[in-house]
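Generate coordinates for the entire structure from the input sequences, incorporating the hints supplied.
Line order of the protein sequences matches chains A, B and C.
Using the working numbering, you'd call the opening residue of the first sequence number 1 and step up by one each time.
Using the working numbering, you'd call the opening residue of the second sequence number 1 and step up by one each time.
Using the working numbering, you'd call the opening residue of the third sequence number 1 and step up by one each time.
Heads up, none of these hints are tricks.
Lysine to aspartate or glutamate pairs mimicking EDC-like chemistry, simulated, CA-CA at most 20 Å apart: (1) B/K147 x A/D50; (2) C/K258 x B/D122; (3) B/K147 x A/D88.
Here are the computed distance ranges between Cβ atoms for each label pair: (4) A/T216 x B/L82: 55 to 61 Å; (5) B/L89 x C/G295: 49 to 55 Å; (6) B/G47 x A/A301: 27 to 33 Å; (7) C/G342 x A/T85: 37 to 43 Å; (8) B/L89 x C/F263: 32 to 38 Å; (9) A/Q404 x B/L82: 40 to 46 Å; (10) A/A77 x C/D317: 44 to 50 Å; (11) A/A77 x C/K237: 53 to 59 Å; (12) C/D317 x B/H40: 53 to 59 Å; (13) B/V180 x C/P200: 23 to 29 Å; (14) A/G90 x B/P114: 55 to 61 Å.
Everything labelled a hint here was simulated from the structure, so no lab data went into it.
Don't be surprised by glycine CBs; every beta carbon is placed ideally from N, CA and C.
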Amino acid sequence: MSAKTTPTQRALDTFVEETGGWIASQLEACTRCGICAAACHFYQATGNPDFAPVWKVELLRRAYEQRFTVAGRILTALGIRKRITDEDLGAWSKLVYEACTVCNKCAMVCPMGIQLGPLIHDVRAGLSAAGMVPEDLMAAVTKQVEEGSPLGVTDDVFEERIDWVSDEWDVDIPLDREGAEMLVVFSSIEIMKFPENIADVAMILNAAGASWTLSTKGREVVNFGFYEGDAEHTALFVNRVLDAARELGVERVMVTECGHAYDALRWTAPNLVAMPPGVEITHVVAVLDELVRDGRIRLRAGAADGGGGVTFHDACKIQRRGGHIEEPRNLLKILAPESFREMTPNREAAICCGGGGGVIAIKEADPNRYAAFGLKLDQIRQAEAGTVVMACSNCRLQFLDGVQHFGSDVKIRGLSGMVAESLETADEGRPS
Amino acid sequence: MSWHEFLRFVRGPLFEVALLVFVAGLAYRIFRVVALGWRHERAPAMGSRAGGVVTSYAKGIGIWPFVPWVRDTFRGNAVTFLAGGLFHLGLFVVILLGTAHMLVWKSLLGFGWPTLPLPIVDFLAAGVIVAMAALLINRFTQPVVRKITGPAEIANWVFVFLPMLTGYLMTHHLFFRYEVLYSLHMLTVDALLIWIPFSLIPHFAFYFFSRTIHGSQFGRRAVTP
Amino acid sequence: MGEQTISEHLRAEGVSRREFIRYCGVLAGSLGLTALPPGIAGSSDGGANALLDRVVQALETTPRLPIIWLEFQDCAGCTEALTRSQSPTLVDLVLNRISIDYHETLFAAAGTRAEEARLQAMETYAGRYVLVVEGSIPTGGTGLFCTIGGRRATDILDETAPGAAAIVATGNCAAFGGLPKASPNPTQAKGVWELVTDKPIVNIPGCPAIPEVTTGTIAHYLVFGRLPELDALNRPKTFYGTTIHDRCQRRPFYDAGKFAGSFDDEGARKGYCLYKLGCKGPTTYNACATLKWDGGLSFPIQSGHPCLGCSEPDFWDGGGFYQGQSAPLDRPGLRTLGLLAGAGAVVGAGVAAATRRGRRPAPTAPTAPAEEGGEP
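Next up, the structure:
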C-alpha cells in the first residue's frame, strides 16, 4: 500500500476494490430495520447499539454511497454527508475487530437475507489497508508474516514440539513424507497449547491406517491475515500450506480443530489464490465421521456416557460457515448416546463462543468477550450439560478462559480427543 | 387551477412522468449494481446451491413470529416484526387486491383479476397506517433503529405514509371533497413513484439479489440458510 | 307605458286564479329550495309557504321575463330534453307563458324574419332579457365553423350578450365546451363563460342539461330577480351541490365492495355498483340521482349504465367511459417505457463502470505460485 495516501483513502480504495455486484446489491437491500442486532451475541450481552451488525457495516455503506452513487457523491461534495475520517476508522476498528466474531449469525435473522458476516469481513479489509487493525492482532499478524506463526512456532520449535508429542504419547507422526495421501495441518493453538490434539489425531489416523503426513513448510494452518481481513496476508498464509501440499503431492489437506483456518483454506483461498489441482480441503470432523462410517476405526459405544450431560458447541466457522453440522453429532451419538443433548439454539443457529474472529487475541476486547461468553454459559446451564465438546481450538481456548472467568465447573473437550480415547483398537498406549 | 384540472394533471401527465421516472430510475439503480460485476465463486461446493436458495426464499416468506427459528429474534423486535409484517402484507393486498388499484393495473397491463371485498382491503389499509405510526415511533425509541435512522429513512416514511393516508380518507370520503382527496392521493402517489429511485424502497428488487446470495452461499456450504 | 305583469298576462290568456295558484306551486317546487334563500325578505315562517307567497308575489308584480335562446355548436339535445320533459306544466309555463322571444328550434318564424325578431327583442328588452345559450362557440380558424344567417357564432354572441341581464349556459357544450371541445378540439370550441366575462353567468352542464334544472334556474331568476347561489364552476349549488355517488342508490354496494364486473354478469343483475364499469359518479356533481329523468322515473345508473360524468368539464377526455375511474389518464407507451428503462440501465452501467476501476483481478494459475515466501 502506498504510504502517500491517508488511512481513510486507503480504506476507501480497498472498499472500492472489494465492491462488486454481490456487495452493492446487499447494501442496497438493507432496509435499516435493526433486526440483525437480535442475533449478535455482543449486542445481546451488552445492549450497546453500536454493536448491531448493521452499524458495523455502516462504514462500508457510507463508503459505497460516497464512492458509487451519484447522489452520495453530490451530497458529500456539498458537505451534506460527512466524509469518512480517520477517527471514524478508529471507531469502527473497535467495533468490527473487538465486538464481532464474523460468525454470520446475523445473516440468518436478516429478513432480507443479507450476508452481514462477509460484509463485515470487507469492513475489516478496508481497515487493515488503512492500518487500523488493533495492535494486539496486528502484532500477531506481523509475527506470522515474519516467523511463520503468531505463537512463535518456528521451524525449530515445530520439530521440537512434534518430537516431544511423539515421545510423550508414543505415537508415530510422519513429517514431510512425500507421496502421503493426506497433509494434516494443525493450528498454532494446538501446537502450543493443546499438544494432546496432535497426539489424538495421529493416534486416530494411525489406527485407521491412513496415509498422512505433517509438513515443516506448511506446518500450521492458522491464518491471522484472515482475521485481519487483509487479502495479501491471507493469500500468503494459505499459500504456505498449499505449496506444501503441492510439494508433497497429497490428495487432501485436512484442517484440524481450527475454525477460521478452515474457512480461510476451504472457502476463501480458492477465490484468492490458485489451488493445487485435485487437492481436496477437508476438516477433521468430516474425516473422523468418514473413518467411522467406513469402519476404518471403531469407537466404544457409550464411552463418554456416565459423566453427566454432554453437549456440542457449534463453532461459527466449522458449522454455520463450514457445513460440518451432522458429522460431530454422528460421532457424539455413538460416544454418548445416553447423555448427549443439544443446546438451544444449536447447529447453524448456535450462539457463538465470543472469542472467534480474532477477538480472543485482542486484550481490549476482553470485556466484550466475557460478556458474550456469559450467554453461552447460560445456554450450557439450560442444557444441563457438564461437558461441552467442540471441534475448534479457538472456541476451546475461549471456553477454558471463560469457564475460569465465571468460576464454572463445566468440562471442555475437543472432539478429536474424545474420539481418540474411545478408540477400540487404541486402548493401550494412551495415558488416561 | 381548479381541483378538477389539477386532478386531470396528476392523473394524466404527472402520472406518466412519474411512471417513467420510476421505471428509468429503477433500471438505473439495478444496473448500477449489476454492472459492478459478479465474482465467480471458485471454492468447490459441498451442498446444493439451488436447495439453499429455495430454502432461503421459503424462510424469507415464513418470517412469522410463531416460527421456531424466528422466535428468538422476535423478542426485542416485536414492533418491527408485527408492524413491519402488517405493513408489507397490507401494502401488497391494498395495491394488488383493492378494486380501484386493480383497475390501474388493468389499464397499464391490459388485464385484470378478481379483487377482495372493500371492507377487508379497508381494514388492512387502516392496519398499514397504524403499523406505519408504530414503526415511526419505533424508529425513535428502539436504540439500534434510532442509530440507523437518518433523514432518508424519515423522508421514506413520509413519502409512503401520505398516499396511504390520502387513499384511506378518499375511500371514506372524509373531510374534503372526493376530487380533492383523489387529487391529493394521486399527487402523493406520483411523488412516491418519483422518490422511489432515490430511496431505500428498491429493496423490493434487491431483495431477490440478497436472498439469492444468502441462499446460495449457505447452500454451497451445505448449511440450511 | 305600464307593462303587463305575468299574472295579468296569464289572465288575459284565460288562466283562472285557481290555475294560477297551481302554476305558482309548480314554480315554487321547481326552485329546488325548501326555504327562501338568504337575503330575500319573506313572510314570517320562512318555510315552504313563504316560498309560495314569494312566487305569487313575484308573478303578480313583475312583468314577463323575456328570453332569447341562442344555439351554436349543439345537437339541440337540451332543447329536445326540455320539450320532451315529463314536467309539461313547468316547461309550458316557462317556455310559453313566461315568454321566449327568440328560439331557433322552437320558433315558428324563419330566415330573416326570425333574426329580425331577435333584434327586436334585444332592443325592446335591452338590459332585461335573459340570454340562454345552448352549444359551444367555435373560436378557431376564421370562426366560420358555425354560422347562422351567414353570421359567425362569435359575432352573434358578441351582439346579444351585452344587452342581457343574465346568461344561462345550458348543457355541457355551452357551459364547458362539451363534445365539440373534445380533444383535439378542431374548432377551438369554448364555453360561454370563457368569452363573456362581464355578465352574471350560470352554467347548467349536462348532456343534456336536466330540463327541470334549466327551467328551475330561470324560474329562480324570475322569482327572486337574481341568479341562484353558484359553485366555483358557476353551477347552481342547489342542483350541483352533491355528487352522483353521494346520492346513488347503488352506493351501499360500493361501500361493501360489491361490483358488477360486466354489463351482464351476476353483479349487474343484482344491481351492484358500476364503479368497475367506469362509473364517474364519485367526481360528478349533478342532480341526476335525486331529480332523475322522465319525471323521476330513472337515471342512467339506475338503468344499469355507469355515469359518464357529463356535467363535468372535459368529460369526453376524462378517460374511457368504461374504464375505471382510478385508471390513469395518460400512460406511457411500451416503447417509451422500454426506451427509458434502457436509458436508465445504460446510465447505471456507465456509472458502475466509472466507479468500479481497480478491482483485484481473479486468481489465475500462473501468478499465484510465485506468491511464495514470506517465511524467514
